[in-house]
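S.K.: Residues per chain, in single letters:
2 protein chains.
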Amino acid sequence: MMHALRGSAGARSSIWTSSYSDGYSARLGLPSTHFYQTVKSSTEQRRFPYKRTTVAVAQRGGPVRALSPAMVELETASLQISQTPEWKALEDHVTEIEKTHLRDLLRDGHRSDTLFHEFNKIIADFSRQRVTSRTLELLTNLAERAKLREKIDAMFAGEHINTTEDRAVLHVALRAPRTKKIVADGTDVVPDVWQVLDKIKDFSDKVRSGEWLGATGKPLTDVVAIGIGGSFLGPLFVHTALRTDQTASEQARGRNLRFLANVDPVDVARALNGLKQETTLVVVVSKTFTTAETMLNARTVRTWLTTELGPKAVAKHMVAVSTNLKLVKEFGIDPNNAFAFWDWVGGRYSVCSAVGMLPLSLQYGFDITEKFLEGAHDVDEHFRTAPFEDNIPVLLGMMGVWNTTFLGYSSLAILPYTQALSKLAPHIQQVSMESNGKGVALDGSKLSFEAGEIDFGEPGTNGQHSFYQLIHQGRVVPCEFIGIVKSQQSVYLKGEVVSNHDELMCNFFAQADALATGKTPIELRAQNVPDSLIPHKTFTGNRPSISILLPELNAFTVGQILALYENRIAVQGFIWGINSFDQWGVELGKVLASKVRAEMHTCRTKDRNVSPTDGFNHSTTKLLNRYLEGKARLLYPEPEDVFPCDLIESDTCRPPSSYV
Amino acid sequence: MMHALRGSAGARSSIWTSSYSDGYSARLGLPSTHFYQTVKSSTEQRRFPYKRTTVAVAQRGGPVRALSPAMVELETASLQISQTPEWKALEDHVTEIEKTHLRDLLRDGHRSDTLFHEFNKIIADFSRQRVTSRTLELLTNLAERAKLREKIDAMFAGEHINTTEDRAVLHVALRAPRTKKIVADGTDVVPDVWQVLDKIKDFSDKVRSGEWLGATGKPLTDVVAIGIGGSFLGPLFVHTALRTDQTASEQARGRNLRFLANVDPVDVARALNGLKQETTLVVVVSKTFTTAETMLNARTVRTWLTTELGPKAVAKHMVAVSTNLKLVKEFGIDPNNAFAFWDWVGGRYSVCSAVGMLPLSLQYGFDITEKFLEGAHDVDEHFRTAPFEDNIPVLLGMMGVWNTTFLGYSSLAILPYTQALSKLAPHIQQVSMESNGKGVALDGSKLSFEAGEIDFGEPGTNGQHSFYQLIHQGRVVPCEFIGIVKSQQSVYLKGEVVSNHDELMCNFFAQADALATGKTPIELRAQNVPDSLIPHKTFTGNRPSISILLPELNAFTVGQILALYENRIAVQGFIWGINSFDQWGVELGKVLASKVRAEMHTCRTKDRNVSPTDGFNHSTTKLLNRYLEGKARLLYPEPEDVFPCDLIESDTCRPPSSYV
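Note that the protein sequences, when read in sequence, are chains A and B. Residue numbers are given in my numbering: position 375 of the first sequence equals residue 375, and the series is strictly consecutive. Residue numbers are given in my numbering: position 643 of the second sequence equals residue 1303, and the series is strictly consecutive.
To be clear, the hints were calculated from the coordinates, so they are not data collected in a lab. We treat Cβ as the ideally placed atom computed from N, Cα and C, and that holds for glycine. Do not rely on the hints blindly, as some may be mistaken.
What the hints assert, rightly or not - For lysine-lysine, the following DSS-like pairs were computed, each having C-alpha atoms within a straight-line distance of at most 25 Å: (1) A:Lys590 / B:Lys748; (2) B:Lys866 / A:Lys494; (3) B:Lys748 / B:Lys986; (4) B:Lys878 / B:Lys859; (5) B:Lys936 / A:Lys276; (6) A:Lys494 / B:Lys1106; (7) B:Lys859 / B:Lys986; (8) A:Lys199 / A:Lys312; (9) B:Lys1154 / A:Lys276.
As the list claims (entries may be wrong) - Listing some non-contacts, in silico: residues in chain B with all C-beta distances to chain A over 12 Å: (10) Phe786; (11) Pro837; (12) Glu871; (13) Ala901; (14) Leu935; (15) Ala1046; (16) Lys1154; (17) Phe1169; (18) Ser1207; (19) Lys1250.
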């Protein structure tokens, strides 16, 4: 059997000739599920063992990777998407769209109907996007050219679509039901997922019921979850959404959940304020158990615990979400109290793993959080199976590409009309900007267009009294309005025109139309607005938005929202031809921080301040010196064995006279 | 005396011929401080009384306004700033700058020194901006052409620089010391300011000391401040910054301060959760006492209070920050317990008025909040008096114009390296985007360039694990790093390499250099990174940032930060030639919301749902129907006289079967 591949001419990636070597495999006794593959360039020939479903691919100078033949095709499809006729057709189409105004487009009821989509009680109305049926057709063509369907399938099939890290991307498996089979690297991962979920249920039941007690025999009613990035924003988003849900809040009665993310000691003080050690359980979330911020915070909180309760309390008061059992044990946590996840779960996609499920189950009970998984799975199945024209995450993603890349809007405002979703925008900001904030295509070639957008947002109506001025009359910012039919907490006061929730929702409906239709000088003149004010009171309109309406906000629909956004972000990356699942851009800052840390340590441990001279530029040296001088009398002492209970220590020394 | 003015040809505003009429003034007995002015167009002649320092100006079709001769000149200077040679020189200069890279610019120590600025312990390092000495020279030329100095002077002099609302802009007077004199409309406003401040001190002292008691004789330890937009984000920013400050938190011991902004009943539930009526004081903040969200929330919380304590409790448990004493009284609040502010204080600039000072003084004591005012005044004086080349708010503003308009960066990331400033970015997002998110110049002509930027941000290091990926490798986002020398809460653990705060600050230093210098393929190759990964691990660098270092974070420096940003935002607007002090863009949404509200009321009060048919487009009708149907059985009942204590009412009716 022979299978040869060659990279497309001119592309940066050069896929070498490769061939299966069944004879060689047999000779060396490789099992029949595997084979050796020979990879050959003009100067080199090497053999690698792989599973039968994969094929080895090498890039010039790079490691050989194991990919399915389908994946090889997908990578090739992503090359230079901006050079394809489908891309150029959309670029040309922009001129057509620029002749339209949403005020006119919205007069076409048929168009509105075709842009109104529903899935399982979720409504997504795209009628206020600057699109026509032709736009959708062209976007679909582009998606097909980018092999969107195949890429979605490859993701669900556990292919290593995170090519630069050679990993599968299977956060969808985290919410698959027990009956499902999802294979990664030859193994069905669903049983592993459920083994951990069962362990979470068991542990959270024990803590909640009071079977698991703290060192002094008291129930652990307060949980501090230490983690940063994906180990923080996702769980915080879900927690904020559920805390005012009536069912969930009932189950959380008497319990507290707090998060500690920032390495700033101010955040430590905030997170621990008012808590008692003897009723506090600490969950340390770090896959590798080496994340700098998380581990320093974990050691700080461990000191807070042990100062009060003694070193043995760690076993009862601290648990871990991690895969590094060795470091978990060295830290003092019983490895039996470590909850695993897997390398096919990216941090920003990890809220459905133990990262989110453990703290949320401790707070709300496993049955509530299980509904959250069900909601996410519900949308995953829709995403995996629905044809593109009815597929809400796909449509969201296509609109995102259209707005960002073709219409040139750099940002996206996420505007949920409920305070319970106040942490949605910060979470999606992370998922989207870390996933799609990339400058190169899968093959490493520089993008000839801007990919990822800047995501931000606040809940309505708060945002209306803040940045909406710009959105209405300044630069164009595509908006996503999210409304809820039934409020978690409703009030209707005697004598009011509408209920409080109806009042809120009036704004949800009004804002989308205000953006789309605007207000013309003619309308203003008809209202006798003075000429001099007309330009200031004119609204250009023609500003795109999407309206999403959910029946209510509960664990299930919060899961749906999460999966809508996660999958839409993947769609955008798939079309742009980038790797949405790596994050090399965070590395350089870490390296440079280590350098500064070493310098600070040197300066702080000498009798006098040492000027950092080597390896920093003039500006950094100058500012760093000013920083160090500002706490001139801070020389790290050998601290006392006993940690001061109020957490306040050497840093509070008086500043030098120049700062008094 | 004769004084004639005519608008520049071709501009939209036509300044009519005007003449002083001293004889007419004398004849009608106008005092010598005033005079009548005759304003004449080709078809019309009218006389208006004005103060001697003003001149009447009319725009075609618009009202006659009272401006000083200087203001007339300033408005004229703002016309078509983008048509001036100074603007064109900067446009041309972009080509020069595009040939540079920050990696190289940072090698020039002399350049770095000239871009390092200090004022009263604040350090601002501009060396990582994409500027040379030539850029600064050209920006200064532009600022002069835009009459920046004159505009700053006009603001401090109480001129009506908010031209579309014909108002002075004097939030700087809110923090002026008693000894200062600031005149608006012929009156020194400083005594008025201090009268209210003294009243705040008196009232907050009484509440804090327990002299002022609730209806059942208990001290009021908990404050709920109801307000939205500027009446919320500014006070929240300051409160968040102070709550971990050791001095401030000591004075807040045993007290709580919460904010209620969103009209969402979920936010009501969150804000009141766990509070007791008998110990709660409610501050209602609305200048006109008509803000829809604030007043509905005020009525809701009033019901919560009176249900428990009876109607008479309002007098003891509710106070107002408002100027509408009639509505305050009608609401049931004693007008003696209303704290005023003035029409020369814009909502987003109101945190130094009673809007912020009352709740903050109740929480922290007046002496702490007074220091906040002193800090803001400190920077105001620097802003008012320092030459541009040493003026930090002016330099910040000039860089903002350079980045946004000339280099074309649409956004700004505000990245404080302390959790205590976690609400700085949301507040500045409001101040900046509402002020400068405009599409027309002062004279109403359409801007030929993009003005206001999109502001967003999260505290470091949290943001590093979120959106920094995009900032490093995706589209360029100018960044502002804010660091603190002495932490509010410091920890140093035995055996650690650095203290927790030093660890945090390592990142502050590292990120700015990572953005500026990047990492080249050559450096990566030297570290044996495989060729295939090199494009993914390359950092282009050349991404601009500003580093601001403050000696510590306390009430005084929080005031400094506020004034830095407020004044920098004014500088940008002054140079762009827009009105940064109106907000017409928020009006249309309010009008449309009223229309939806009326429709909802009709539908909810009939026996059956009525389809909204008139006046809405097809999309809105469809979605609105789906919303109304979703709560089909919600027909507003006549509520019981007694408000249910748990706030939960009619909206929680079971959904129709289609939603079960």
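S.K.: Next, verify each hint and record whether it holds.
M.R.: Okay, the hints, checked on the actual structure:
no.	hint	verdict
1	A:Lys590 / B:Lys748	violated (41 Å)
2	B:Lys866 / A:Lys494	violated (34 Å)
3	B:Lys748 / B:Lys986	violated (53 Å)
4	B:Lys878 / B:Lys859	holds (22 Å)
5	B:Lys936 / A:Lys276	holds (23 Å)
6	A:Lys494 / B:Lys1106	violated (47 Å)
7	B:Lys859 / B:Lys986	holds (20 Å)
8	A:Lys199 / A:Lys312	holds (23 Å)
9	B:Lys1154 / A:Lys276	holds (23 Å)
10	Phe786	violated (9 Å)
11	Pro837	holds (22 Å)
12	Glu871	holds (27 Å)
13	Ala901	violated (10 Å)
14	Leu935	holds (15 Å)
15	Ala1046	holds (20 Å)
16	Lys1154	violated (4 Å)
17	Phe1169	violated (5 Å)
18	Ser1207	violated (6 Å)
19	Lys1250	violated (8 Å)
Hints 1, 2, 3, 6, 10, 13, 16, 17, 18 and 19, counting from the list given before, are not met by this structure.
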